[in-house]
Amino acid sequence: MTRANASFEILRDPHRRSVCRYVSRTETPIVTRAELVDYVAERASDAVETDGETDPRVARRRVATQLRHVHLPKLDDFGIVEYDPDRETISVDREALATHLERARGAIADLQDPLSEQ
Numbered sequence: 077m078t079r080a081n082a083s084f085e086i087l088r089d090p091h092r093r094s095v096c097r098y099v100s101r102t103e104t105p106i107v108t109r110a111e112l113v114d115y116v117a118e119r120a121s122d123a124v125e126t127d128g129e130t131d132p133r134v135a136r137r138r139v140a141t142q143l144r145h146v147h148l149p150k151l152d153d154f155g156i157v158e159y160d161p162d163r164e165t166i167s168v169d170r171e172a173l174a175t176h177l178e179r180a181r182g183a184i185a186d187l188q189d190p191l192s193e194q
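77 is the number of the first residue of the sequence shown in the working numbering; add one for each residue after it.
Take the hints with a grain of salt, since some may be wrong.
So the derived label-pair ranges between C-beta atoms look like this [as the list claims (entries may be wrong)]: (1) E158 with D114: 32 to 42 Å; (2) H145 with Q188: 33 to 43 Å; (3) Q188 with D131: 35 to 45 Å; (4) E164 with V134: 18 to 28 Å; (5) V134 with R79: 29 to 39 Å; (6) A82 with E164: 43 to 53 Å.
Hints are computed from structural coordinates only; laboratory data are not their basis.
All values reported here derive from a predicted model rather than from experimental measurement.
Positions of the beta carbon are idealized from the N, C-alpha and C atoms, including for glycine.
Please put together the full structure from these sequences, using the hints given.
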């Protein structure tokens, strides 16, 4: 997987984008999974993001499960966070996130540049 593709894979899912947004805006080096679940669930009002669930408690549980088993491990694999599932803590790496965002911006800029040969 190319670096640009990895960056786009990180940003492909709305829940991962919400986690990245939270990571980039928080000033603390470690956050709890519960904090992220609250943040993501509040923003997952779109039925696609909560699998059509309208009960906020059920939708929140689904978000919590998806973060725990899918999104946080994937972000850990890409080096954006360091996820400790036993302690339910996430160490954030703003520099790694910034690097991935710059790669995505660069790929988009290349696509928009009519003189680009790539």
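Now for the hints, and whether the structure bears them out:
| no. | hint | in the structure |
| --- | --- | --- |
| 1 | E158 with D114: 32 to 42 Å | 20 Å, violated |
| 2 | H145 with Q188: 33 to 43 Å | 36 Å, holds |
| 3 | Q188 with D131: 35 to 45 Å | 42 Å, holds |
| 4 | E164 with V134: 18 to 28 Å | 20 Å, holds |
| 5 | V134 with R79: 29 to 39 Å | 38 Å, holds |
| 6 | A82 with E164: 43 to 53 Å | 26 Å, violated |
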